[in-house]
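Undergrad: Keeping the supplied structure of chain A fixed, place chain B upon it in accordance with the hints.
There are 2 protein chains.
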Amino acid sequence: MTDCSALIAKLEALGLGDAPIEHVAAENVEQWAEVLAGASGVPPGHALTKTLIFKPKQPKSEPVAPVMVVIRSDTNASSKAIGQALGLKDLRLANEDVLSEIFQTSRGSGKYATGGRLSPFALGNVAPDHLANVRVVLDKALLGDSARRIAFHPLTNTRTVFVDAACLRAFVASVAGLKQVVELDFDAAPEAAAPAAAAKAKKPAAAEEDAAADEATGSARLGIEASKDKDFAKWYRQVILRSEMLDNYSVSGCYILRPTSYFVWEEIQKFLDAGIRAMGVRNCYFPMFVAERDLNKEKDHIEGFAPEVAWVTRAGSSEMAAPIAIRPTSETVMYPYYANWIRSWRDLPLRLNQWNSVVRWEFKNPQPFLRTREFLWQEGHCAYLTRDEAWRETLDILALYRRVYEELLAVPVVEGVKSEKEKFAGGVATTTVEGFIPATGRGIQAGTSHYLGQNFSKMFDIVVEDPDPTKPKIHAHQTSWGLSTRAIGVMVMTHSDDKGLLLPPRVAETQVIIVPSGLGSKNTPEEHKRVADTCLAVEARLRRVGVRAASDLRDGYTPGFKFSHWELRGVPLRLEIGPRDLEKQSVLSVRRDTFEKAPLPLDGLETAVELMLHRIQDELLIRARATMKDRIKTVMCWDDFVPTLNRKCIAQIPWCEREECEEQIKARSTRDALQDEPEDEKEPSMGAKSLCLPLQQPQDHPIVPGQTKCIQCGQDAKRYALFGRSY
Amino acid sequence: MTDCSALIAKLEALGLGDAPIEHVAAENVEQWAEVLAGASGVPPGHALTKTLIFKPKQPKSEPVAPVMVVIRSDTNASSKAIGQALGLKDLRLANEDVLSEIFQTSRGSGKYATGGRLSPFALGNVAPDHLANVRVVLDKALLGDSARRIAFHPLTNTRTVFVDAACLRAFVASVAGLKQVVELDFDAAPEAAAPAAAAKAKKPAAAEEDAAADEATGSARLGIEASKDKDFAKWYRQVILRSEMLDNYSVSGCYILRPTSYFVWEEIQKFLDAGIRAMGVRNCYFPMFVAERDLNKEKDHIEGFAPEVAWVTRAGSSEMAAPIAIRPTSETVMYPYYANWIRSWRDLPLRLNQWNSVVRWEFKNPQPFLRTREFLWQEGHCAYLTRDEAWRETLDILALYRRVYEELLAVPVVEGVKSEKEKFAGGVATTTVEGFIPATGRGIQAGTSHYLGQNFSKMFDIVVEDPDPTKPKIHAHQTSWGLSTRAIGVMVMTHSDDKGLLLPPRVAETQVIIVPSGLGSKNTPEEHKRVADTCLAVEARLRRVGVRAASDLRDGYTPGFKFSHWELRGVPLRLEIGPRDLEKQSVLSVRRDTFEKAPLPLDGLETAVELMLHRIQDELLIRARATMKDRIKTVMCWDDFVPTLNRKCIAQIPWCEREECEEQIKARSTRDALQDEPEDEKEPSMGAKSLCLPLQQPQDHPIVPGQTKCIQCGQDAKRYALFGRSY
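Note that the protein sequences, when read in sequence, are chains A and B.
The numbering of the first sequence is the numbering used here, which starts it at 10 and goes up by one.
The numbering of the second sequence is the numbering used here, which starts it at 10 and goes up by one.
Excised from the complex, chain A in its bound form:
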């Protein structure tokens, strides 16, 4: 990342009046607006901007001719209008290579330019021989009001500068050798005038750039263009958007769960709900709102959550007397009532769960499924008379979470305990199932089950008489545990590929897609009909035995189109049926995971299909588990630590378990990574944190008390811990 102090100096020389504002990272325009709203020294009525790079369609042999567009953040940068103004055809958003190579801006600056690091000041990074190919388009409306300040990120999204129109013009003019500079009136652009197009342009802002990119790519948006290996972040977004798992939403950090992904969630719900019900837990529903006084009751707990709490302060047109929080989690919502309901040891255990949504208004970059401001989960909250019962449940639930991942999602996880630094705010101990994303080499917390001890019961006065009346009162021993829609993201990242989504059969809404094939204009209408009828008959037979089958009998699409369509959407098994198959009284099966083809006789098809679905389910887990096992490396000296991470692995190290050491590991691994290794632009190196202390410690190199040392600090190691980069 280019340092921006030289730029600031240049801006000052050009007459910049206001001091830049330093702030937390803003990854999109909503966050940027929020951050500025909370900062002091911000000029009133300033305009937020976005800076986009387009490029025309051109032969690969020619040098890239980028068009930089500087425009109000809430305005549609019509590629048509820009093309007309510049006399260029087929303008589309430039990919990230252009950004990094020519403008030297880093990851996140592409589609997310809105609140990212790209600004007109990136022109200062362009090599002189490139400048002659660069055009600049300035939004006229930004320049109209000479008093108004215009806000930009000067190559970093943790700083904002405010310049006036004269300064912006002066800066652009100071960049010598540009091909062309144009001021364009976007409000008069042809698209804005036509009502239908205008309505479509009212599309939610967060989705705007993506949709622009999608539209620019035309029919190609039906498939995945990005590569899982080469640009994982872009690949992930394409997979979940284009498979129709998810859509972007107009409120930043929130996403729409479309039926394909919601079905996965419902399958998780069914499995997990049956499991916890069998353990004796009952479902209930507590309100989503928390009074401020209840939220603030447990000090450590609220410290952990307060920065992310969303507050309701207004109803209709009236201000509320006291703001009301939306639950980030429900300990402080539920436990005052536990105190009321639990009066005697006979009232224990109290075991409740709810399926609900919670809100954590994080300012970190949102990630669909993995980090969203509202998410769905279940949260269980139980109170017991004894420590042992509470601990037993903590681990029973953890085992159930492991089964959700392994048995439903075909995703391997490691059961473990969190370090003191990483445990749940306010609890005594957090157990966790940790996942692993091979493509990035990062760990991911996949579900946690907390033993809360008596911390909350003391704070909320959840107390009963001892059954033995001669003994003192007992504060309940509590647990809380949650698993969220994050699981869906981990599943997608694990199995999907450059063809698109890949769903494990158990959670696929459509498990088998039946496609007519081998038909052409030479075939008679009767042959077409016989094939279609067989498709429907096979569908009916499969449905009768509980297989979720569907037939794609749409007219006007080729079999090849349909194959890609359902591959993109992750259907685990395809059956192709054509006239030749009918002759042979068989169908052709194609596995989504391996693309293996095998004919299956129509006779006994149900059993063969069920078997194949089971096999796909099992083999997905087996493959993922082998990869994970291969990528967890036991590391016995510090020198191997960062290189292991850089090979996209998790390091299993003998560790002292001290919080101070954990912080040193993070700092030291960040530093080492920056010094020793070439930085990967797409996935920048970052410090490692502890993922967990595995319940199953390695049997081959046991820790020898007093002899085995922590590889970082050299003090006595207590257990092996997994350390890695993580989500």
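Be aware that a few hints might be false.
The list makes no distinction among identical chains, and a pair is therefore deemed to hold if it is satisfied within one copy or across any two copies.
[What the hints assert, rightly or not] Pairs of lysine-lysine residues, derived as DSBU-like cross-links and limited to a Cα-Cα distance of at most 35 Å, are as follows:
1) 698 / 538
2) 430 / 279
3) 638 / 19
4) 642 / 657
5) 306 / 373
Worth flagging that the hints you see were computed from the coordinates, not collected in a lab.
TA: What follows is chain B alone, placed relative to chain A:
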């Protein structure tokens, strides 16, 4: 209700400086605070108060000796501290009779005194011969700051007066002949000092008075004291609180759904979800937040909802740039995306549903289940190419809603269409299932299915090319439909009785409770064990065939206690098993609905129990249907209209269907009721509104076009309509 103008005059004579504030009704302290926060002319830093009436335990022959306590609204009025200060024993909150007879305050002033109509100024209503029995306790903290204004409702909760400490003291002093006036320091009360008690006192405010009342009644809180016939509102609250269906919550208008009621909701979900899935609807989840610009897009729609929208304006410690609404319903959340997703007629129909919670911050008196600020529901949103398909679905869903009520909840409903005045804001037509609460004679909207026409599709640009390319584009025809947790309240009101809750077997978490009986100290341990073992064996046998059975083998409780315990909680069937039953190889069954007893042979018990559960389910519906039929009266002249309502019936009238006429009916029925009939204090008369135009019109008196006249305005009647008082 006593007029308060005389009081205001008296207060002015005593030196009241501020003009009283007029406002909407505030039924509790949270609403009061909200209302005042939104009003102008409110003195800063004022103290909100509550006024409670306690009475000591005393022989019935003695005159009642009420203690009026005037205290800060957020302070616990410790009965122990008051008793110590006054030298009285066993103080408890007085019941409503004391309030109405001695202080002449009306309904809602009892437990809800916090924000209700009771204030020290009610002393002005006390007859002189009673005053000598009345004690007054003033909260010292209210009187400490001579500049601070103290807020009271002067006998009406639509007005607030602000007085200072001197004025309050002067008013109380001006009431001649009081037995005793004490200023008490509640912060120094003994309970406040002991940490455990203090924590219990931190109990949520809204639940405080109820809990105080509950605690005051001691063991009696195990049963229902109020009568369904005599004090329906109190009865309803006791049933749902004491059966553990629901608990009050610290945020006003929100309630906790405890497992017993949430189980009912889950059964509704299962049934309805299977039904809509079979119709081809898929589940999804949209975010709970809506951007202001999307919410405001459909004008009529937002007018209907804007006054009740809750706004998030702050995240962590930063103000948001633009406030974000919490969905009151999801039309404006979902339809911008429908516009994106629906590009061709091939994309239709689009049929989505979600199970979620919505927030409507109503300022009307909340009612558990029936009117709550957050509630659970499902909302279906479908888009079709043609009007006919959309209409067909609207009615199919309505039929499904009817089946939920009839088949699961054993509650009869009438299918109909809403009047123009009562239809969904923004839609073309609303169909409805209307319920009826016999105990109050009021109708209740039980579920609605809307045909939205093209109103929203035009506003949100949900448009496709006609399959015939020579024809113009087509805006989608849409539906939306929802059924909420309100259904649970209707079910409770319909079946439950003075013994407590009564659950229809299909939605009862425990369908059969097995209780050992007929055992005493004379029986040997072996006999005890044999009975217990048989209970468990019966439980296991019933569970094996899918009956939700449980055994109550708790030690230390009598069979009678257990019978009442499970009757209160609504378990539809009880099996009693004692030594004599074992001899006869039978068990004694007792129905919760009729209390009929019948021995059932152990041999073939499963079938007998299943049959009995089916019979209970069926008979509950048959009885409720007979009552409803009996209470829907065809009324052919206006003079019979209000008397019919007053007999707790619904009037079915020939009606012109004009909105103006509907308003006249409401106004005229309110006026007539006030003039002609003695007012029922518990259920005040109110105007009638249209409930629906039944799909099934009466066959015996068909409307003769041009001849049958509207009974209110005399214009031509179009159809029969149901009119009634309603929830």
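Undergrad: The structure should be examined with respect to each hint, and the outcome stated for every one.
TA: The hints, checked one at a time:
no.	hint	in the structure
1	698 / 538	neither (61 Å within a copy, 57 Å between copies)
2	430 / 279	within (33 Å within a copy, 42 Å between copies)
3	638 / 19	neither (53 Å within a copy, 85 Å between copies)
4	642 / 657	within (10 Å within a copy, 77 Å between copies)
5	306 / 373	both (26 Å within a copy, 30 Å between copies)
Figure legend: structure checked against the earlier numbered hints; hints not met, in rising order: 1, 3.
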